[in-house]
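All chains, please: the whole structure from these sequences, using the hints.
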Amino acid sequence: MTVRAPASTPPLLEVQNITKRFPGVVANDRVNFTVRPGEVHALLGENGAGKTTLMHMLYGLQAPDGGTMAVGGRPARFRSPNDARAAGIGLVAQHFHLAGRHTVAENLALASSPFWRPTRQLQDRVGQIEATYGFELDLNARVNQLSPGQQQRIEIVKALLQGAQLLILDEPTSVLTPQEAERLFTVIDTMRQDGKGIIFISHKLDEVMRIADRITVLRGGAVAGTRNVQDTTTSELARLMVGRSIDTGRQARTETAGRVRLTVQDLKANRASGEPALRGVTFNIHAGEILGVAGVAGNGQAELTQVLTGLTEPTGGSVTLDGHNASGLTVRELFDRGVVHIPEDRNHMGVVGGMRITENLVMRRHRSRPFNRRGRLDWQAVDRHADDAIRDYQIAAPSKHAVTRELSGGNVQKVILARELSGKPGLVVASHPSYGLDVAATELTHDLLRQQRDEGASVLLVSEDLDELLKLADRILVLYQGEAVGVVDAETSDRETLGLMMAGRQVAQGASA
Amino acid sequence: MDDQVWITLARALAFSTPLLWAALGEIIVERSGVVNLGVEGMMILGAIAGFAVAQTTGDPWVGLLAAMAAGGAAALLHAVFAVLLRSDPYVSGLALTIFGLGLSGLIGRAWVGRPLQNAMEPISLPGLASLPVVGEIVFGRQHILTWGGLLAALILWVLLHHTRLGLIVRTVGENPAAADAAGLPVLRIRILTVVFGGVMAGVAGGFLSLAYRPSWGQGMTNGLGWIALALAIFALWDPLRAVFAALLFGAFFTLAYSLQSQFPPQLLTMMPYLFTILALTFTAVRKGRGAFGAPEALGRPYARGER
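The listed protein sequences derive, respectively, from chains W and U. For the first sequence, the numbering used here begins at 1 and goes up steadily by one. For the second sequence, the numbering used here begins at 1 and goes up steadily by one.
Keep in mind the hints are simulated off the structure, nothing from the lab. Quick caveat: nothing in here was measured; it's all calculated off a predicted structure. Mixed in with the good hints there might be a few duds.
Claimed, not checked - Where chain U lies over chain W, by a calculated footprint (3+ residues, C-beta under 8 Å): (1) 71 to 83; (2) 101 to 112.
Unchecked claim - Partial list, derived from the structure: chain U residues whose beta carbon lies under 8 Å from chain W: (3) 163; (4) 164; (5) 167; (6) 170; (7) 171; (8) 178; (9) 183; (10) 296.
Unchecked claim - Some chain U residues well away from chain W (every beta-carbon gap over 10 Å; in silico): (11) 80; (12) 103; (13) 112; (14) 152; (15) 155.
Note that CB positions come from ideal geometry on N, CA and C, so glycine has one too.
Written out as structure tokens, the structure reads:
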């Protein structure tokens with residue numbers, strides 16, 4: 001009698017050399033990975049590493065440009081999610097696909113049901129799943145009255161009802177409380193024992209170590225490595241995730257930082273949806289200093305910049321600017337006190353696309369001299385200002401009267417930089433300032449921020465690009481789930497340390513304000 | 001005096017018939033997440049198409065088929081713009097109303113003021129018409145389409161709430177992404193509901209020119225399409241509630257006419273709009289709670305991947 005080697009059963013899913021290109025970027029570059037029956041395979045990577053693109057191809061939402069997929073040993077080509085579902089692949093998306101005002105039963109019946117009274121046979125079918133996985137669903141409850149954890153369970157049951165053998169969970173814990181996440185892990189364990197395959201997409205190191213059997217790390221669209229969970233450590237995963245530091249071309253500040261300009265004490269703020277986004281963040285920035293803010297997107301960075309620029313009212317804590325209380329001030333009041341903003345979404349928040357370059361350059365300054373003369377705009381002064389800015393900031397424009405929308409991304413950013421930095425600001429709040437820019441425009445942006453620092457301004461630099469932070473910042477604040485994990489000295493820090501902190505790990509490193 | 005109540009009810013029934021047909025159509029359209037402000041235009045196109053064909057063929061029922069086809073074709077235009085090309089549904093619907101009013105006026109120039117030769121005749125409901133007092137007044141002389149509208153409301157209610165078809169239409173209107181994720185053709189479903197709404201508006205228009213006032217007059221819908229739109233909201237997008245809402249609105253207009261010597265008619269004709277504002281306030285206050293309120297994706301064209 002021979003024991004059959006586990007390797008001889010075909011994998012549930014085998015992906016070979018799969019490639020997806022978008023204009024100007026390779027989102028997935030010859031990615032290989034397999035999922036075996038009874039295996040939880042985690043896909044780990046930072047935002048933009050290519051996890052979502054890969055998921056979309058596995059679920060038939062996007063077609064690959066190259067490479068092959070095989071399900072259960074048979075080649076598969078999905079033209080739509082229907083094809084993927086027919087092949088036994090289910091997806092629990094990060095944002096649930098549920099009709100909020102419908103009952104649980106109605107949502108479950110959507111995929112397939114009899115014509116008359118479509119929900120009538122559900123109780124039996126759902127009952128079996130509930131018994132297997134040890135949870136209960138109230139079929140008559142309305143979805144919008146349920147917690148995110150319960151809604152996620154509906155999505156899981158939906159996929160199982162459709163006969164999914166391989167379940168893709170996209171950042172499944174991002175909407176869950178720790179307790180709900182534990183319960184999800186129990187369900188995943190049961191599915192594993194059931195012989196199902198699970199693709200667990202995440203950027204959280206700890207939970208990946210907790211639940212996965214194997215881990216494939218994506219970086220820049222390519223596989224950085226695949227590891228068995230027992231053969232790896234969080235620090236190795238962090239290193240694979242963020243990559244090795246290349247020479248960052250760091251330029252240290254010329255002088256030591258001056259007095260404290262901005263003090264943020266126990267700052268709290270909510271998202272637009274009302275959930276807490278900042279849960280008590282404390283830090284300060286000196287004059288002549290760049291403070292980098294690192295973190296995976298959605299950990300409170302956006303709300304921090306909004307509070308500091310007056311776009312969002314804090315719900316607690318204090319902001320002190322140059323020794324005066326500055327929390328709750330309006331955008332205009334903060335601007336008058338020297339706070340300028342280089343926003344994340346430059347085309348919508350940074351400029352008015354349909355207006356001329358000359359006009360965009362004086363926006364925010366149109367109320368004061370020399371542009372405003374007794375309530376009337378002095379167009380000659382406006383034009384002169386535009387000529388200066390176009391020269392000083394190397395804005396490539398057909399004419400200063402051109403409509404701003406017609407400029408390239410880099411030149412739009414230069415218009416914003418010219419406007420915001422031209423009035424000797426005290427605090428520059430810059431959000432992803434080089435995102436999507438070419439090398440030259442990135443260099444110019446970096447030079448300008450450094451120049452501001454050297455002239456004594458304080459700069460808060462939010463970025464997801466660790467190289468950018470290590471290159472520019474003096475100190476780096478790491479945010480995780482709305483809290484400051486710590487502040488490190490950029491000079492002595494590296495990507496690995498930052499990667500661990502971005503995953504919520506406290507790292508002992510001496511650096512203080 | 002008792003008779004007066006029943007007479008009012010009978011007249012309200014007749015008056016509410018076009019409102020009900022058009023509103024039922026719009027309810028289905030809006031349940032699938034599309035707004036069509038072109039009801040007035042589709043109705044008047046139905047009215048002129050029905051009249052023209054009935055006058056030519058001599059058969060009002062052939063005319064009704066033409067009215068349905070005209071309404072459906074006009075709605076298809078809206079579906080192409082608002083669903084397929086994802087242009088602003090409000091602009092497209094308004095354009096359809098203006099277009100319909102203009103085109104019907106052009107086509108109907110030769111017939112203005114002409115009575116229809118073979119009009120639909122009212123019928124007497126066997127059995128019910130012989131009830132004492134009520135019978136003859138309420139059930140004795142109504143049009144088939146009046147009773148048909150009530151039946152249509154019942155059928156649509158059952159379809160919407162107790163069949164898979166209704167579940168699909170409602171899901172497309174609540175969260176099209178959920179329907180899409182379940183493999184349902186969101187755009188095709190929306191196009192079909194919009195065309196269905198046009199056919200129903202066509203019936204409403206045909207009722208006017210073939211049965212209620214068997215003649216053609218320019219702009220003879222006289223704003224009924226707009227009231228039907230308000231009615232869909234006031235009924236909170238439910239076919240059975242639409243029956244009662246239509247009767248109520250019909251009663252206001254009937255009373256405004258019969259009481260005009262004692263009571264300013266404007267006050268009563270204002271009521272449907274006032275009620276609609278109240279219904280809108282009600283749904284806005286209860287937003288996101290319970291089963292009432294506008295379909296969540298109402299008025300938002302769907303494209304995969306957008307949130």
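Against the structure, the hints come out as follows:
no.: 1; hint: 71 to 83; in the structure: holds (count 3)
no.: 2; hint: 101 to 112; in the structure: holds (count 7)
no.: 3; hint: 163; in the structure: holds (6 Å)
no.: 4; hint: 164; in the structure: holds (4 Å)
no.: 5; hint: 167; in the structure: holds (5 Å)
no.: 6; hint: 170; in the structure: holds (7 Å)
no.: 7; hint: 171; in the structure: holds (5 Å)
no.: 8; hint: 178; in the structure: holds (4 Å)
no.: 9; hint: 183; in the structure: holds (4 Å)
no.: 10; hint: 296; in the structure: holds (6 Å)
no.: 11; hint: 80; in the structure: holds (23 Å)
no.: 12; hint: 103; in the structure: holds (36 Å)
no.: 13; hint: 112; in the structure: holds (47 Å)
no.: 14; hint: 152; in the structure: holds (19 Å)
no.: 15; hint: 155; in the structure: holds (13 Å)
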